[in-house]
Each structure stands twice: as C-alpha cells, then as structure tokens.
Amino acid sequence: MKWISQDIDMYIKSKEYVDTAVLPLFPVSLGDDIKQTAAMSEFISLLSIQLERQFRGRLVMLPGFSYLKSFTEDKLVNDIKLWEKELLSKGFKHVFYLTSDSSWKTIESQFEGGLIWLPSLPLEHMDEQYKNTILDDQVKQLLQLFLQKWQSGE
Amino acid sequence: MSKNRVSRRQFLSYTLTGVGGFMAAGMLMPMVRFAIDPVLQAKAGGNYIPTPQKVADITEVPTRVDFTFEQQDAWYNSEETGTAWVYKDDKGEIVALSPVCKHLGCVVNWEGDKTKPEHFYCPCHGGLYTKDGTNVPGTPPIAPLDVYPYIEKDGYLHLGKAEPKKGA
Ligand code: FES
Chain A
1 MKWISQDIDM
11 YIKSKEYVDT
21 AVLPLFPVSL
31 GDDIKQTAAM
41 SEFISLLSIQ
51 LERQFRGRLV
61 MLPGFSYLKS
71 FTEDKLVNDI
81 KLWEKELLSK
91 GFKHVFYLTS
101 DSSWKTIESQ
111 FEGGLIWLPS
121 LPLEHMDEQY
131 KNTILDDQVK
141 QLLQLFLQKW
151 QSGE
Chain B
1 MSKNRVSRRQ
11 FLSYTLTGVG
21 GFMAAGMLMP
31 MVRFAIDPVL
41 QAKAGGNYIP
51 TPQKVADITE
61 VPTRVDFTFE
71 QQDAWYNSEE
81 TGTAWVYKDD
91 KGEIVALSPV
101 CKHLGCVVNW
111 EGDKTKPEHF
121 YCPCHGGLYT
131 KDGTNVPGTP
141 PIAPLDVYPY
151 IEKDGYLHLG
161 KAEPKKGA
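Sequence lines, in order, name chains A and B.
Per my numbering, the first sequence starts with residue 1, numbered consecutively.
Per my numbering, the second sequence starts with residue 1, numbered consecutively.
Some hints here could point you the wrong way.
Claimed, not checked - According to the in silico footprint, chain A covers these stretches of chain B (three or more CB under 8 angstroms from chain A):
1. 101-107
2. 117-129
Claimed, not checked - Below, in silico cross-link-like pairs of lysine-lysine (DSS-like), each with a Cα-Cα straight-line distance of 25 angstroms or less:
3. Lys131(A) x Lys54(B)
4. Lys116(B) x Lys149(A)
5. Lys165(B) x Lys91(B)
Derived by calculation from the structure, the hints in this document are not laboratory data.
Given the structure is predicted, the values throughout are model-derived calculations rather than measurements.
All C-beta atoms, glycine included, are put in the ideal place defined by N, C-alpha and C.
Working from the sequences, and respecting the hints, build out all of it.
Here it is as structure tokens:
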C-alpha cells in the first residue's frame, strides 16, 4: 500500500494482514556527489514503486526518508532507530530499509529491521521498456528475500 | 467617401465585439472540452493494448506477458506497465488473467509455490487460484482473478481492460 489516503483506508480495514513496513532511504548532497545521490534516489524511488505493486497487500511503502550525505553516522543511526521504534510499536513485525547508498552497510547491524542494499543502475541511459525489465528483475530477486524473511518470522 | 466611412462608434463596437468574442471563446472552449473530454476518454478506454506476445506462441502453460501503455490520470499522461498470465485452455481458447490478487492486490505467480503445482500463488497471504483463475476456498481471496478480453491483431495478442470473471 502506498502512502495515500485511499490505500491507508485499506490498511486500516485490513491491518491484520499488513505486517511489513518499507522505508526507502534517499541521500541528498549538493556537493561533488550531487549527481550520484540523485541517481541513487531515482533508482530507489522507481524500485519502491514496483516493489509496492508486487506486495501491496502485505506492506506499507512509507514516504522516503531523505537525509544529507553530510550527516554523521550517529545522527543517521539515531534517526532510523526512532522510525524503527515507532513502526515496531505500532504493530509492524517486519521493517525494511531500501537503499543504494553503501554507507548504510557499515551501520546496518545496529538496526532490527533488514537493510536491502542494491547498487543503483544507470537508468538515465535506458529506454522505458528496458528500464521496466531491469526493475522487474530486481523485484523478482527481492521477492525471494521477502518470502524468506516472512517465512522465518512466522 | 463619406458613405463608406466607419464612424468612431461603429469602429469601437466592431472591434470590441471581435475581441469580446475571442475572449468568450477562450473561456468557453476549455469548459466545453472539460465537459466533453471524459466522454471521449471513455470511448478511448475501450481500446485494446498491443502486447509483445505472438498468439501462435501461446502454449497451455500460463506465461507472464508484460506490456506498456499510456495511462491517463485525469489530464496527466504517464507510461504504465501491465501484466497478464496467458495460456490456451483445453479447448484451445486463449485465456488472459489479471495477476492482481483479489484479496488485497498483490501480484500472483503461476506455480509461485513449489508445493502447489498447477496453481496461481499469492506470496502475500498464501492465496491460491486454480489454472482458470478460480479462487481456492480456505485461502484469503474471495473472488476469481479478473479476466482480460482480448483480440488478435497482426498475429499479436491485444488486451482490453480486465473485468471480473463472468458467471462468478
Ligand atoms: S493479497 Fe493475495 S492472499 Fe492476500
């Protein structure tokens, strides 16, 4: 389900079936890596759309969490922990973070939720059709990952 | 000369009517379009969307067919993707099913669960459908998968808008 009122109505009605929250992580920088952070955010936001479509009945796709690349690790850990605490206390059993920014990998172990890290692909040079095929492939791989987590958590 | 002369009053009234007419038209046209467009759109909605699937290549095993089309959200156009599960039934007739689970809308996969062969499986809450799209009682879905109307055009499968299965 998307973070829109119509889908949230559905969520409220069928809460018992929705046990997973996904938070996309969007890096922002206005320095040298401005282009890189934009590409990462673009890739993750497209992927989150496809992922939501595949699993819309069981997960809520939260609006993304944007952060400055210049933030310290401590700040990022603290912020995400606040999200995590809130989500877990409000009935979500599984929390996933979706990102292309590899700096999360070093702090991943401090979270209860799972980090899904995917290298961002150079989408800007692909035509629409090819883009969709690529994203579909990625979602298929994520399908396995989600199924595993869901099964192990039951 | 004085016969053809346009008086100042006439001149003004001509030009103002002209300009006024333009302005009125400028205001009215979008309003008329606004009123009529949805009607035109409804007609366009009956169109069949081409898919990359050759009709001759369709087998009795459900195959995933992806297609793209222009979606009109109000007056905003965007490229959308659609998916269908396509196969030929016992009578050799083409069946194109919507992959959207009738429980809460996840995407179902043919034999998505290895322990449930010959079924469509929904990974979200274990919804099951038989090959013809009928929901298996005891699993969450309460209706069969939607069915796409289809036509064959130049050897390729074209799909309409998915509808609830008839007789259900
Ligand atoms: S969304 Fe398919 S079984 Fe719940």
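Now for the hints, and whether the structure bears them out:
1. 101-107: That given contact holds, which follows from 6 residues of the region 101-107 of chain B lying within Cβ reach (below 8 angstroms) of chain A.
2. 117-129: Three-residue rule met by the region 117-129 of chain B, so holds; n is 4.
3. Lys131(A) x Lys54(B): holds (22 angstroms)
4. Lys116(B) x Lys149(A): The given pair, whose Cα atoms are some 20 angstroms apart, holds under the 25 angstroms limit.
5. Lys165(B) x Lys91(B): holds (18 angstroms)
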